[in-house]
Every structure is written in structure tokens, then in C-alpha cells.
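Trainee: Given two chains presented individually in distinct reference frames, assemble the corresponding complex, making use of the accompanying hints.
Here is what each chain is made of, one letter per residue.
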Amino acid sequence: DAKTTQPPSMDCAEGRAANLPCNHSTISGNEYVYWYRQIHSQGPQYIIHGLKNNETNEMASLIITEDRKSSTLILPHATLRDTAVYYCIVRDRSNFGNEKLTFGTGTRLTIIP
Amino acid sequence: GAVVSQHPSWVICKSGTSVKIECRSLDFQATTMFWYRQFPKQSLMLMATSNEGSKATYEQGVEKDKFLINHASLTLSTLTVTSAHPEDSSFYICSARDQKEIYNSPLHFGNGTRLTVT
Chain A
299 DAKTTQPPSM
309 DCAEGRAANL
319 PCNHSTISGN
329 EYVYWYRQIH
339 SQGPQYIIHG
349 LKNNETNEMA
359 SLIITEDRKS
369 STLILPHATL
379 RDTAVYYCIV
389 RDRSNFGNEK
399 LTFGTGTRLT
409 IIP
Chain B
57 GAVVSQHPSW
67 VICKSGTSVK
77 IECRSLDFQA
87 TTMFWYRQFP
97 KQSLMLMATS
107 NEGSKATYEQ
117 GVEKDKFLIN
127 HASLTLSTLT
137 VTSAHPEDSS
147 FYICSARDQK
157 EIYNSPLHFG
167 NGTRLTVT
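Order-wise, the sequence lines are chains A and B. Note that my numbering has the first sequence beginning at 299, numbered continuously upward. Note that my numbering has the second sequence beginning at 57, numbered continuously upward.
Note that these hints are calculated values from the structure, not bench results. Predicted model only: the values in this text are computed from it and were never measured. Worth double-checking, as some hints may not be accurate.
Stated by the list, open to error - Sample of chain B residues with no beta-carbon within 10 Å of chain A, all distances over it, derived:
hint : residue
1    : 100
2    : 118
3    : 162
Unchecked claim - Using C-beta positions, here's what the derived DEER-type ranges look like:
hint : chain 1 : residue 1 : chain 2 : residue 2 : range
4    : B       : 142       : A       : 364       : 22 to 28 Å
5    : A       : 339       : B       : 142       : 18 to 24 Å
6    : A       : 312       : B       : 109       : 47 to 53 Å
Beta carbons are placed, not taken as given, at the ideal position from N, Cα and C, and that holds for glycine.
Chain B on its own, in the form it takes in the complex (with noise of 0.2 Å):
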């Protein structure tokens, strides 16, 4: 089945540092990502939709300066945490789906980012 595959699983760092999650889709390319993140007992909250060759779409709320994201290939997303603050600590969360399948194939998730800023 489709695999996505998140790295890293859990990183430590510093406030005031920048932090790069990869999003990575093992078996199948995606024009599209989604970036998510999920708060201690909470739902996941959708962040932002990562467009393969253009700018990314934010949900509102959430600071597209602080929260960068690149999707330069059809099979690779990132998510860089700009100096980061400990609020910033979460799980992060990215899906995708199978382009050749777009009309009915579901969403599928990586196993998450754990981030902590100290």
C-alpha cells in the first residue's frame, strides 16, 4: 500500500533555532501534501496544503513566515520551523494522496513528527 514517510520522528531544539521536517511519499507522487498539527489530547488541526511547483495555502491563523514549506518534487515536502518557541512544541503530521487515484483513494498520513522546543 501507499507509504508516507516522515523524518525525523522526534527532535529536541533549542528556542530561536529553525527546524526542517521532510514528508516524503515512498511508492507514489502527489501534486499535493497536507501539514498538520496535533497538540497533546487534541485533534489534529490542518496547518497549510503543500502545492508541488508553487506557494503553499495556509489555514488561518497559522503564520506562513514561521511555517515554511517547500514541495519541490512530486514525491517530497518540507516543513521548516523558524526560530522556534516551546508553544511550537507539538506533533506534526503530514498526508498525501496517490495523484494517478485522486477521485476515491484516501488521504494517507506519515507516522508524525514529535517536536520539542526547550
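Isolated chain A, as found in the complex (with noise of 0.2 Å):
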């Protein structure tokens, strides 16, 4: 599996973009790049993902840099329902279809009013 490094903790302004970076060098050509997201007590929610190009969708945007090696989710005006910790995780396609999904340690992101 490819491994991710995420910043422990990171703040943000309410209504401000908060860019969250992920690190995945060792990314392999058919990888997909995932985000989800945890709110306390709470399950993992999807967000997005992708495999080379930029995404959008109604939550975020999925920036990917050319040589995949690192990736940044942009949520654009968080708000203070946007605390939680992101986590980014590359998708283990061994046994495509039923793979398992390794979670890191992930971004706690603080909104801050």
C-alpha cells in the first residue's frame, strides 16, 4: 500500500478555503486518492476522490499534482461544522473491488469562529 503523511492539526478561519495537504510518493499508476472525514463519535463520512485529474463536488475539491505524488482537498467556505479530522488514503486495489481502506492518522482541522 501506498503511505500518506498528513499534518497532525491544522486550523482555520469560518468561511475561509482550508486546504488540507496530503503527501502519497510512493503512489502507484493505478491508485486512487481518497479523503474521508471523521466528526467526533461519529463513522468516517466520504468526500471525494480521484485518480489524476482535479475533482469537485458539492463537499470539497480534489487538487492532484502532476506526478501524483501529493494531493490537497480544499473544502472553500468551511464553517465551524467542518471540525474533524480528515483523513487521505490512497486504495489498496489488490483485490480491486473488495480492498480494504488503511486509515492514517489524519488532519484534525479546527474552525475557528
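Mentor: Okay, structure coming up:
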């Protein structure tokens, strides 16, 4: 599995864009980058995923560098409800369709009023 | 969107008793479900992969006789913590993926079950 490296914590002012970096320098060509977040005492919530192109949905944008060795999750207008631990995960495709996700320690994002 | 439901959301049991946790996919079918455990201030750790109609696959260090997994249908997997001890107190979370969209769909997670063994 490609490992990921994330800063342990970040703060962001409410209403501003939150940019969460992730390093995955050992990612292989067929591995996707997934982002999940976990609000306190809840199960992880899927945010977005991508392979090599930038992606955007109603929750966030995902920017993947051209060499795919790093990515950034962008929450465009952070709210207090975005306070959570954010996990960047590279999808293990050894058994495509049933492969498991391996969680790292993530980034604890705190949105400040 | 796809919903995974866990029950109960929390449970307190006495040491030595067994506890069953249910994980249901509400609007999709899943041949595979995953069980995770999370201790306070730590990340999720995969315990086992639940396979519909066959035996579960356990991660290294997880006792299969203590954590019994049954995946009897395409929408239900159960985790039974047998002879629970205080050190089994944790947050147990299940996840599943829609088997019709396995190639590009995300894993969906339940809201977890907080187990406290007294």
C-alpha cells in the first residue's frame, strides 16, 4: 500500500478556504486518492476521490499534482461543522472491488469562529 | 445516497458476557463488509473483512474466536464480541460498498457502536 503523510493538525477561520495537504509519494499508477472525514464519535464520511485529474463535488475540491505524489483537499468556505479529522487514503487495489481502506492518523482540522 | 446502519449505537455490558453488533446496508447490497475498531484518540484499525456466504478474513492479531463475524445476507453482517473484557471497550465501525458499483464507488460507513465493558 502507498502510505500517506498528513499534518497532524490545522486551524482555519470560519468562512475561509481550508486547504488540507497530503503526501503520497509512493503511489502507483492505478491507485486512487480518497478523502474521508470523521466528526467526533461518528463513522467516517466519504468526501471525494480522484485518480489524476482534479475533482470537485458539492463538498470539496481535490487537487492532485501532475506527478501524483501529493494532493490537496479544499473546503471552499469552511463552517464550524467542518471541524473533524480528515483522512487521506490511497486505495489498495490488490483485490479490486473488495479491497480494504487503511486509515492513517489524519489531520485534525479545527474551524475557528 | 448509500446508507449503512449500525445497531446499537452504544452498549454497556458486564465483563464475561457477549455483545452482538449489527451492520446493515439499507439501500444497496454488499458481498463484502469491513469491521473496524477505534480506540480513543487513535485512528481506525481494520479488524476483519466479512464475506457474504463464507468465512470472514481477520487481520493479524485479531482473534477470530473472540470476534465472531456472520454475513448471512447481502445486506447484513454481525459482529459478536464474545466473553467481553474491559480492554474490548472501543468504538466499532462497519463499512460496505455497493456491489453494483464496486469499481469506482466509495466505502460507506456506519455511525459506529460504542462498547463499554464494565
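Trainee: A separate judgement is required for each hint: does it hold in the structure or not?
Mentor: Hints, verified against the model:
1. 100: violated, 4 Å
2. 118: holds, 13 Å
3. 162: Answer for residue 162(B): violated, closest chain A Cβ roughly 4 Å.
4. 142(B) to 364(A): 22 to 28 Å: violated, 51 Å
5. 339(A) to 142(B): 18 to 24 Å: holds, 20 Å
6. 312(A) to 109(B): 47 to 53 Å: holds, 49 Å
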